[in-house]
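There are 4 protein chains.
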Amino acid sequence: MEKISQLHFECDYSRGAHPDVIRALVDSNMEVSPGYGLDPYCDEARRLILEECGLDCGLVAFMVGGTQTNATVIDALLRQWQGVVCAEEGHINVHEAGAIEASGHKVIALPAFDGKLTSEALRSYLESYYADETHEHIEEPGAVYISQPTELGTLYSLDELTRLSEVCREYSIPLFADGARLIYALAAPDSDVGLRDMARLCDVFYIGGTKAGLLFGEAVVCPSEELLPHFFSQMKRHGALLAKGRLLGVQFKALFESGLYREIGSNGISTASRLREGLLALGLEEAIASPTNQLFFHLPNELIDAISPSVGFSLWGPRGESSSTVRFVTDWSTTEADVDALISLIASKASAANPPT
Amino acid sequence: MEKISQLHFECDYSRGAHPDVIRALVDSNMEVSPGYGLDPYCDEARRLILEECGLDCGLVAFMVGGTQTNATVIDALLRQWQGVVCAEEGHINVHEAGAIEASGHKVIALPAFDGKLTSEALRSYLESYYADETHEHIEEPGAVYISQPTELGTLYSLDELTRLSEVCREYSIPLFADGARLIYALAAPDSDVGLRDMARLCDVFYIGGTKAGLLFGEAVVCPSEELLPHFFSQMKRHGALLAKGRLLGVQFKALFESGLYREIGSNGISTASRLREGLLALGLEEAIASPTNQLFFHLPNELIDAISPSVGFSLWGPRGESSSTVRFVTDWSTTEADVDALISLIASKASAANPPT
Amino acid sequence: MEKISQLHFECDYSRGAHPDVIRALVDSNMEVSPGYGLDPYCDEARRLILEECGLDCGLVAFMVGGTQTNATVIDALLRQWQGVVCAEEGHINVHEAGAIEASGHKVIALPAFDGKLTSEALRSYLESYYADETHEHIEEPGAVYISQPTELGTLYSLDELTRLSEVCREYSIPLFADGARLIYALAAPDSDVGLRDMARLCDVFYIGGTKAGLLFGEAVVCPSEELLPHFFSQMKRHGALLAKGRLLGVQFKALFESGLYREIGSNGISTASRLREGLLALGLEEAIASPTNQLFFHLPNELIDAISPSVGFSLWGPRGESSSTVRFVTDWSTTEADVDALISLIASKASAANPPT
Amino acid sequence: MEKISQLHFECDYSRGAHPDVIRALVDSNMEVSPGYGLDPYCDEARRLILEECGLDCGLVAFMVGGTQTNATVIDALLRQWQGVVCAEEGHINVHEAGAIEASGHKVIALPAFDGKLTSEALRSYLESYYADETHEHIEEPGAVYISQPTELGTLYSLDELTRLSEVCREYSIPLFADGARLIYALAAPDSDVGLRDMARLCDVFYIGGTKAGLLFGEAVVCPSEELLPHFFSQMKRHGALLAKGRLLGVQFKALFESGLYREIGSNGISTASRLREGLLALGLEEAIASPTNQLFFHLPNELIDAISPSVGFSLWGPRGESSSTVRFVTDWSTTEADVDALISLIASKASAANPPT
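Residue numbers (the numbering used here), protein chains in the order written: chain A, 1 to 357; chain B, 1 to 357; chain C, 1 to 357; chain D, 1 to 357.
Source of the hints: derived by calculation from the structure; they are not laboratory data.
Take the hints with a grain of salt, since some may be wrong.
[What the hints assert, rightly or not] On the chain B side, residues computed to face chain A include the following (Cβ under 7 Å):
id, residue
1, L7
2, H8
3, S14
4, G16
5, I22
6, M30
7, G35
8, V64
9, A97
10, G98
11, L215
12, P229
13, S233
14, A243
15, K244
[Claimed, not checked] Okay, the calculated bits of chain C under chain A, using three or more residues with CB under 8 Å as the criterion:
id, stretch
16, 7-14
17, 77-88
[Said to hold, decoys possible] Partial list, computed: chain A residues near chain D (C-beta under 8 Å):
id, residue
18, A97
19, G104
20, P318
21, G320
22, E321
Using N, Cα and C, we set each Cβ at its ideal position, and we do this for glycine too.
In isolation and in its complexed conformation, chain A is listed as follows (with noise of 0.2 Å):
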C-alpha cells in the first residue's frame, strides 16, 4: 500500500494510532480480562479521566465512534416524547444519516452564531415553547447538544457556555457536549474553558479520542450518572457495547496517564497555527476564525487546482464560481515540516498564477 498523496491535511483519522497508544495495545495483547468495559484497564482509565475532571465520582462509559456516542447518550438522555435541541450546524442535525431519529427523537435545530448556539437563542426558544399553550402537542426540548469546539472549529468561552448551562439548569434540562475534537479545545491557547469546567458546566459530555490520536474511541463522563439510566444496557440495544472492551480502557490509559492528550493537542494546535499564519502572510483569506485543528480558507479555484495533486484537503461545501472555501485539518502527526512544506507549495503555485506584475 503506497501513501495516496504526499502533504496530509484532509483529516484528523487518515492514520492510525499514536505510537504511545499503539505500543500499549501490542504491550497488553496477551492479557486475559474480561470483556464490555468491565476490565481493569477500563477502570484505571475512568480513574484518570475523573482525576482530570476534578470529579470524585461519575459514570465515565467508552464507546467507538462518535455518531454512535451521539445517538446512545441522546437516546438515553430523552424520554419518549422529547427531542434534542442544537445549532443548525450541528452534527447530529446534518451529517449523521439521521441516527438521531432512528432512536425516535426529533433534532430541533436553532439559528446559531458561528455555528455557536447562544444562550439568547436557547433562552427564547424555551420561553416561547412553555408560553405556547398548545406545546403539548409539540416534542418537548429534553436535551441540548451543542459541540465544543463547533463544527466550524470554533470555540464557547467559559462565559458563554456558563450561560448556556445557566439557562440548561433554570428548564432542568442536560446540557450535552460533543467532544469529538475536545483535546483541540483545550489546546487552543485563547480558550478559557478546561476539563473541569466542561464537567461542571454540562451534564454530559465526551472526550473524542479517534481524533485524537486513537485507532477510535469516545470516553461519555456524566457527573450525575442518574441522567443515563441502565446505560450499559442502553449501550448494548444501540450496538455499542464492544466484547473487547479493554481496547478502549487500555487507549484512553494511554492518552492521560502521563499527558499524551495535552500533547496531542498542542501539536495540532501549534501547526494549524503556524499554518493560518502563512497562509494569511500569503494574502489568503480566512473563511470563518477558527482557533482550532481545523482551518477554513477560501482560495482561488486555479490554486486548489494546482495544489491537489499534491496535497490532501476538502473542499467545504460546493466549489464556488472563481474561488471556493476549503478545509485543511492537523492533528497529533502533522509536523512543522509538513506545515512548511504545504505554504511553499500554495506560495508557489499561487505566484505561478499570479505572477509579479
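Given chain A, work out where chains B, C and D should sit, using these hints.
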C-alpha cells in the same frame, strides 16, 4: 495488570488479537488512507473474502461487533411491516437487549432442535401464516436468521442448510446467517458446509472476526447487494460506520491472506476436541454434543467450586442443586498445554472429591 | 346496503352503536366544545368511570381503538431498554402487526394456561432474569400485559389476578390489563373480579368501548397517573389524539351514566350462555371453556359448510381434516331469537348430516 | 352542557358532524358489515372519490385523524434511511409531537414563502444534496410534504404545484399533500387547483374530513398504489386501522355522493370572505392574505380583551406588546348571521376603544 486466573476457557474474546493481526495493524499504522471503509486495505480484504467464497462480485461490508451487525443487517433486509424469524435460542432473541426491536421489528421465535431451526418448522410456520386469512394483521416474516455454529455450538449440516435455503427461496425470504464463530464451524472435521456453501445457500452471512483472533470486526457478505440497499447510509444511521475503517480491512486482510483463518479455526477445534476427550475419559457428561469450540458439560457443584480458583469458565444457565452445566471455550490462543493442565486439574479435584474406595 | 347474511355471530363490532349511544351523539352534535378530550363530556365520563372504579382520582384517557391503546400505553409505561411480558396468546404478541415493536420494545411471550399468564410462570421468569448474571444484555421486563377476558374468552379469577398483581408489585413492574371486552368479564356470573378489583390490582387497564356498543373508543384508567407521564403528548405522538375528542366522552358518558355497560355486558353473556347450552345439548363439543361472549366449538366440516350460507361466524385457526374449531360471538345486539334461530339451524343441518339410524 | 361562548370562530372541528353526515351514520347504524374498511360503504366511498379525482383506479384508504395519517403515509413512503422534506411551517415539522420522527424519519425543513415550499427552494436543496460528496452520511430526501391549503391558509397555484411536481418527478421523489382543509382550497374562488389536478400532480394526498363536517376521517388517495406497499398492515402497525371501518365509508360517502363537500367548502369560504371584508372595512389589518377559511388579523390587545368574553377565537403566536395576531376560522356550521354578529361586536368594541373625536 496481572492475570485474573491461571487457565482461561471463559470465552473466545478475552485476549487482544492474534500476533499476525496486531502486527499488521502496527505495520500499517502510519499510513494515510480515506475513512469509512473506502481504503485499499478494505478493498483487498473484500477481494480475498469474495475469492474464498467463490464469488465474482457481491457486497462485503465490515462492522465492529456482532449485535451491531445483526441489528444493521436485519433492519436493512426488512421493510417496516416485517419481522425476522429465528430459533428460540437465537442470539437476537435472547441476548441482544432488544437491539432488533429497537429498529421496529419483531423477532418471531420458533421452537428449535439443538438450537437449530428446522426447515420443517419454518415451512410449517410460513404455511400457517399465509393460510391465516387475517395475516395482514400480523407482522410479515421478512427474513430468516440462523447462526452457524448455533448458540449451543451445534452445526447445520449441508443437507439441513440446503433445505432451509430452499424454503426461504420458495417464499422469497432472505436467509441470513450469523457467523460470529463461523471459522470454527468451517474447521470442524465433521462439518460438510464450506464458505462457498454459505455464499451459495445464504443470502447474507457474516464471518466473525472478534471471536476469531481480531481485535474486533465482522465481515458481512451479500452476493446480491440489492438486498441491502444504501447499506453505507444504513450503517451510518446505526452508528456502525467506523471512521478509521481501514482497521477492519487491515485485520480481515491478515485473517484471509495466508489462510490464517483456517489455522485459527483448527486450533480452536483441535484444542476443544482434546479437552472433550479428556473430560469424557474422566467420566464427565456432555450436556450438548457440540462439535465446535464451545463445550458444555455437566459438572458436580463441588467440582465446580474446587476448580474455579484456577480456571476461568462460565456457568451455562442457573446453578443446579447438586450439579450444573458449565461452558469451556477455546480459541486461537489456547494451547495443548492449557488443555492438559485443565484436564489434570479436573482429574485431581474430581478424585479428591470422590476418592477411590 | 343489504344484509350480508341472516344471522350474525362473527364478531362484536359488526354493527354501529347501541341506540342510546348513537342518540347521545346526535343530541350533542351541534354543541361546541374544545378538542382533544378537554371538553365537559370527557370530564363527566372520567368522573363516572373513576366512581365506578372506586377511585378518588387518577388518569382516565380515551383513545379510538385497541391496537392504538395497547401501543400507546405500553410505550408510555416502558423505558427504552425495557420490554413487555405477556402470555403467548396475548393479542400484542400475535395480532397487532408489530405495533409494540414499532416503538422499539420487545414482546416477551411466556407459555400460558388457557390463555392466562400464571403468577408462577411470571415469577419464575423474573427470578431467572435477575439471577442471570448477564441480564444487562437482555431486554428488561418493564411491564406485564394481560387481557381480561383473555383472547380465548377465559377469565382471571380474583385469586389469580391478586397473585399476579403481587408478583408485579414485588418486582415494581406495572400490570396492564387489556379490557377490550372487559364489560363481558364483569357480567359473567362466575366471575369474582369487579371494576374496583381491576382498579386496585392493575396499575393500568382499559375498558373497551368498540366491542361494547360504542362506535369506537377505549377508556384507559390509571390510578397513579405518574406511571403515564406526559400522556397527552404521548397520545399525540402515536396519532392517538382524536381532534373531536368529545365524541369519546359523549359515548363513554352514555355507557356509564345509567348502567348501560352492565346491561350490554349482561346481554352478551346471557345470549352466549343460551347458545352454549343449546350447542352442548346438540352434543357439540366446546373447544375452550369460555364463560364470556366468545364461544369456541369443534364442528364437523360438513356442518360448517352447511350453515355458512345462513350465519356469520369465523374459523378459529386452520380448517381441520374432518372438523374445525369455530367461534361464535354475541354482543349488545344479539337477541334470544337470534340464538334460538342459530341453534335450530345447526340442529337441522346436523340431523340432516347424521340422520337418526 | 351549556355553550362555552356565544360566537364560535375558534376552529373548524368544534362541533359534531354536518346533519347529513350524522343522519347517514344513524341510518346505517344497525346494519352488519365486515370490519377494517372491507365493507360496501367504504367501497362506494372509494368509487365516488376516485371518480371525482378523475382516476380509473388507485388506492383510497381511510384513517381517523391527521397526525395519524401523516405519520402512517410518510412512514410508508420512506425507506429507513430517508427523511421527508417540508416547509418550515409544515404541520409535521411544528405541531405533531414528533410523530414523524417516532417512526425513525427526519423532517427536513426548508425555508418557505407564505407557508409554501417553492420549487426553486426544493430544487436547490436537492441539487446541493446530490452535489455533496458526503451525502451518503446525510438522511436522503425520500418524500416531499406540502399542505393545501397551507398552515397559514394560503394556496399553491396550479403553476406552483405543477413546478413542484416536476421537480419531484425529475428526482423520483413522491409528492405528498396534506389536505386536512382541502375542501376549502377547492372552494376558494381564486384557486385554479381542482381535485383532478391534485390527483395528477401529487403522488399521494388526502382529503380531510375532520375539518370538513365529518365526525372524523381522512381519505388518502394514491393513484399508484405500489407507492404504499402493504398499506393495510402499515395502518394496523400504526394503530390506524379502525375496527368499525365502515364509519369512515359511511361518512365519506355522504360527503361525496351529492356534492356535499362542495357545499361545505363554499360555506366556509363565503362566510370567511364576508368576515374578511367586514374586518377590512373596519380598518383592521390582515396578517396573512389567506383566501381560505382561516383568517389572520392583527388586533389591538385592548380589542382582543374586549371581545373575548363573547366570541371564541385564538391567538396566533405570542401576545404582542400592544397588538397581537388572532385567527378566526369558519366551517360548515358558520352562518352569515354569525359573521355579521362578530363584525358588529368588533365594530362596537373598537369604537368604544377609539371614540370618534
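Hints versus structure:
1. L7: Hint violated; L7/B Cβ to chain A Cβ min 10 Å, cut 7 Å.
2. H8: Holds, because the Cβ-Cβ distance from H8/B to chain A comes to roughly 5 Å (cut-off 7 Å).
3. S14: holds, 5 Å
4. G16: OK, holds: G16/B within 7 Å of chain A, min 4 Å.
5. I22: Since the shortest Cβ distance to chain A is 5 Å, the answer is holds.
6. M30: holds, 6 Å
7. G35: Holds - the Cβ of G35/B comes within 7 Å of chain A, reaching about 6 Å at its closest.
8. V64: holds, 6 Å
9. A97: Interface hint status for A97/B: holds (4 Å vs cutoff 7 Å).
10. G98: holds, 5 Å
11. L215: Status holds, d = 6 Å.
12. P229: Constraint on P229/B not satisfied, violated at 14 Å.
13. S233: Nearest chain A Cβ about 5 Å off; hint holds.
14. A243: holds, 5 Å
15. K244: Result: holds, 6 Å to nearest chain A Cβ.
16. 7-14: violated (count 0)
17. 77-88: Coverage by chain A holds here, the residue count being 3 at a Cβ distance below 8 Å.
18. A97: holds, 6 Å
19. G104: Holds - the Cβ of G104/A comes within 8 Å of chain D, reaching about 5 Å at its closest.
20. P318: holds, 6 Å
21. G320: violated, 12 Å
22. E321: violated, 14 Å
Violated hints for the displayed structure, listed by number in ascending order: 1, 12, 16, 21, 22.
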